[in-house]
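Protein chains: 2
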Amino acid sequence: MSGTRTHPIFTIQPREPVSERRIAHLSRLAARVRELNESVVLTELPEEELDEIAAQAEALTARLRTARRAAPPVVTNGAGGIMQQLAGPVNGVLNPIAPPCEVQFLPDGTVRSEFTLNSVYEGPPGMVHGGVSAMILDQLLGMVADHNGTPGLTASLELRYRRPTMLDEPLVAEARIDRVEGRRAHAAGRILNTEGKPTIEATAMFIMPM
Amino acid sequence: MSGTRTHPIFTIQPREPVSERRIAHLSRLAARVRELNESVVLTELPEEELDEIAAQAEALTARLRTARRAAPPVVTNGAGGIMQQLAGPVNGVLNPIAPPCEVQFLPDGTVRSEFTLNSVYEGPPGMVHGGVSAMILDQLLGMVADHNGTPGLTASLELRYRRPTMLDEPLVAEARIDRVEGRRAHAAGRILNTEGKPTIEATAMFIMPM
Chain X
750 MSGTRTHPIF
760 TIQPREPVSE
770 RRIAHLSRLA
780 ARVRELNESV
790 VLTELPEEEL
800 DEIAAQAEAL
810 TARLRTARRA
820 APPVVTNGAG
830 GIMQQLAGPV
840 NGVLNPIAPP
850 CEVQFLPDGT
860 VRSEFTLNSV
870 YEGPPGMVHG
880 GVSAMILDQL
890 LGMVADHNGT
900 PGLTASLELR
910 YRRPTMLDEP
920 LVAEARIDRV
930 EGRRAHAAGR
940 ILNTEGKPTI
950 EATAMFIMPM
Chain B
750 MSGTRTHPIF
760 TIQPREPVSE
770 RRIAHLSRLA
780 ARVRELNESV
790 VLTELPEEEL
800 DEIAAQAEAL
810 TARLRTARRA
820 APPVVTNGAG
830 GIMQQLAGPV
840 NGVLNPIAPP
850 CEVQFLPDGT
860 VRSEFTLNSV
870 YEGPPGMVHG
880 GVSAMILDQL
890 LGMVADHNGT
900 PGLTASLELR
910 YRRPTMLDEP
920 LVAEARIDRV
930 EGRRAHAAGR
940 ILNTEGKPTI
950 EATAMFIMPM
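Taken in order, these protein sequences are the chains called X and B.
Taken in order, the first sequence gives residues 750 to 959; the numbers are from my numbering.
Taken in order, the second sequence gives residues 750 to 959; the numbers are from my numbering.
It is possible that part of the hints are untrue.
Okay, the calculated bits of chain X under chain B, using three or more residues with CB under 8 angstroms as the criterion [stated by the list, open to error]: (1) 771-785; (2) 790-797; (3) 800-808; (4) 837-850; (5) 869-883; (6) 886-899; (7) 905-917.
Which stretches of chain B does chain X cover? Using the computed rule of at least three CB atoms under 8 angstroms from a CB of chain X, they are [said to hold, decoys possible]: (8) 764-774; (9) 792-803; (10) 810-818; (11) 838-852; (12) 874-884; (13) 887-897; (14) 908-914.
Cβ-Cβ distance ranges computed for the label pairs, FRET-style [said to hold, decoys possible]: (15) B:R928 - X:P766: 51 to 59 angstroms; (16) X:R770 - B:P856: 54 to 62 angstroms; (17) B:Q833 - X:R932: 39 to 47 angstroms; (18) X:R909 - B:R928: 14 to 22 angstroms; (19) X:V824 - B:E930: 42 to 50 angstroms; (20) B:I772 - X:L855: 39 to 47 angstroms; (21) B:T943 - X:R764: 23 to 31 angstroms; (22) X:D857 - B:R912: 33 to 41 angstroms; (23) B:Q853 - X:L855: 43 to 51 angstroms; (24) B:R814 - X:G898: 44 to 52 angstroms; (25) X:Q853 - B:T865: 32 to 40 angstroms; (26) X:E801 - B:M915: 35 to 43 angstroms; (27) B:Q853 - X:A819: 29 to 37 angstroms.
It should be emphasised that the hints constitute simulated quantities derived from the structure, not laboratory data.
Think of the CB as a built atom: it goes at the ideal place given N, C-alpha and C, for glycine as much as any other residue.
Same shape as in the complex, but just chain X (with noise of 0.2 angstroms):
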């Protein structure tokens, strides 16, 4: 097809490029729509200022619509052409869903980061969603397949919880690759709380293609 590119996993139709100056001004309007969804989920406001809001929040939808992409933005890293996604929900910093994560890339090979989650992101009472945790997992084992070179579709993604992981307080994600069979990548990773214990364990598979 034409103007479509090869990538190591996926055809790629491609996406206009975005600057590294407009990504600043993305990434600044992302992080306060991510305060106000925080903000939408604790509000006590009277009935009829949350219609108002509602209404002032349908004129700014209106607005950014005048002018639509047909898919988020995207960078593409290097030689290798490994797409990146800016606007991914665990750790774009132009999605307003994601925490975000910001995930680093250590030289042993392995991938940390750092965060806190809040309110909008709660499962049991004053813990973090189970299904959030396995996002942010899924998100850095997948990077940490990309970041040693062995990208490839994830195939299974296990996860053990080992006690709860607590909403608002600082907590460390991390991921290495553990073997790689042929096509196959396994990667490890885990969540620790401010302790340093860890919270949920999760290893996964990635097949790399042929």
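With chain X fixed as given, assemble chain B onto it according to the hints.
Below, chain B without anything else, positioned relative to chain X:
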């Protein structure tokens, strides 16, 4: 502790009750902010206008925060006292980051949800983020355990990715209880694409309190 009450699993600090009427207003506000999230991810508006909208979103947040709850609204269902999140990140109608997946409890003891996911939930290009699917399945598996009268803390969650889950097409997620062994409830679930083929299969084990 004064004012706490007993829940089958958690000790819950009392939360301000929320009226049906207020839920309707909050739900409309969350719906408008949900649309705003999507419009942020796909906007091509010029940078100066993005800054104006960011400032307006900031003002809405400030106003919502003038009256603030300590924790998101919940309701409890019937005599069992099972807490229902109204602002959970998967099916919470009061949470702008939730799709939201409306979950039906069927007479045969299973649960089911029909939903479509937009660009806010993108992972690989054009596809649903694998972690978002994991989050949705985690929620449904937990709800079917509750529905079955065997609520518990998630001990493990295992996902097998069979084929891509696509954005912008109607999906179905379903879950059932497989078996209960002593204090352990085993649940199974899956996501089906528009052709009715499973894209992801999941199992989970819940440990019920003593």
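Taking the hints in turn, this is what the structure says about them:
Counting residues of the stretch 771-785 of chain X whose CB lies closer than 8 angstroms to any CB of chain B gives 11, so the stated coverage by that chain holds, three being the minimum. For the stretch 790-797 of chain X, the proposed coverage by chain B is satisfied: 7 residues have a C-beta within less than 8 angstroms of a C-beta in that chain, meeting the threshold of three. With 7 residues carrying a beta carbon less than 8 angstroms from a beta carbon of chain B, the stretch 800-808 of chain X meets the three-residue requirement, and the given coverage holds. Evaluation of the coverage hint for the stretch 837-850 of chain X: fulfilled, as 7 residues show C-beta separations to chain B shorter than 8 angstroms, against a requirement of three.
With a threshold of 8 angstroms between beta carbons, the proposed coverage of the stretch 869-883 of chain X by chain B holds, since 12 of its residues qualify and at least three are required. For the stretch 886-899 of chain X, the proposed coverage by chain B is satisfied: 4 residues have a C-beta within less than 8 angstroms of a C-beta in that chain, meeting the threshold of three. Under a criterion of three residues with beta carbons nearer than 8 angstroms to beta carbons of chain B, the stated coverage of the stretch 905-917 of chain X is upheld, 6 such residues being counted. With a threshold of 8 angstroms between beta carbons, the proposed coverage of the stretch 764-774 of chain B by chain X holds, since 4 of its residues qualify and at least three are required.
Chain X is given as covering the stretch 792-803 of chain B, and this holds because 10 residues of the stretch bring a CB closer than 8 angstroms to a CB of that chain, at least three being needed. Residues of the stretch 810-818 of chain B with a Cβ under 8 angstroms from some Cβ of chain X number 8, which satisfies the need for three, so the listed coverage holds. A count of 6 residues in the stretch 838-852 of chain B with a Cβ less than 8 angstroms from any Cβ of chain X is obtained; the coverage claim is therefore met, three being the minimum. Here's how the stretch 874-884 of chain B fares: 8 of its residues keep a CB closer than 8 angstroms to some CB of chain X, so the rule of at least three is met and the hint holds.
Evaluation of the coverage hint for the stretch 887-897 of chain B: fulfilled, as 3 residues show C-beta separations to chain X shorter than 8 angstroms, against a requirement of three. Coverage of a stretch by a chain is defined here by at least three residues with a beta carbon nearer than 8 angstroms to that chain's beta carbons; for the stretch 908-914 of chain B and chain X the count is 3, and the condition holds. Between R928 (chain B) and P766 (chain X) the beta carbons are some 53 angstroms apart, a value that agrees with the proposed interval 51 to 59 angstroms. Separation of R770 (chain X) from P856 (chain B) is about 57 angstroms and conforms to the stated range, judged on CB atoms against 54 to 62 angstroms.
Hint check: Q833 (chain B) to R932 (chain X), Cβ distance near 44 angstroms, so the stated range 39 to 47 angstroms holds. At roughly 20 angstroms, the beta carbons of R909 (chain X) and R928 (chain B) sit within the given window of 14 to 22 angstroms. Checked against the given bound of 42 to 50 angstroms, the beta carbons of V824 (chain X) and E930 (chain B), roughly 49 angstroms apart, stay inside it. Range check, I772 (chain B) to L855 (chain X): about 45 angstroms between beta-carbon atoms, so the 39 to 47 angstroms window is met.
The given range of 23 to 31 angstroms is respected by T943 (chain B) and R764 (chain X), whose C-beta atoms sit roughly 24 angstroms from each other. Take D857 (chain X) and R912 (chain B): their Cβ atoms lie about 34 angstroms apart, and the range 33 to 41 angstroms holds. As the Cβ distance of Q853 (chain B) to L855 (chain X) is approximately 45 angstroms, the hint placing it in 43 to 51 angstroms holds. Between R814 (chain B) and G898 (chain X) the C-beta distance comes to about 45 angstroms, which sits within the given range of 44 to 52 angstroms.
Look at Q853 (chain X) against T865 (chain B): about 34 angstroms separates their beta carbons, and that is inside 32 to 40 angstroms. A hinted range of 35 to 43 angstroms holds for the C-beta pair E801 (chain X) and M915 (chain B), which are about 37 angstroms apart. For Q853 (chain B) and A819 (chain X), the hinted distance range of 29 to 37 angstroms is satisfied, since their beta carbons lie about 33 angstroms from each other.
Of the numbered hints stated above, none is contradicted by the structure.
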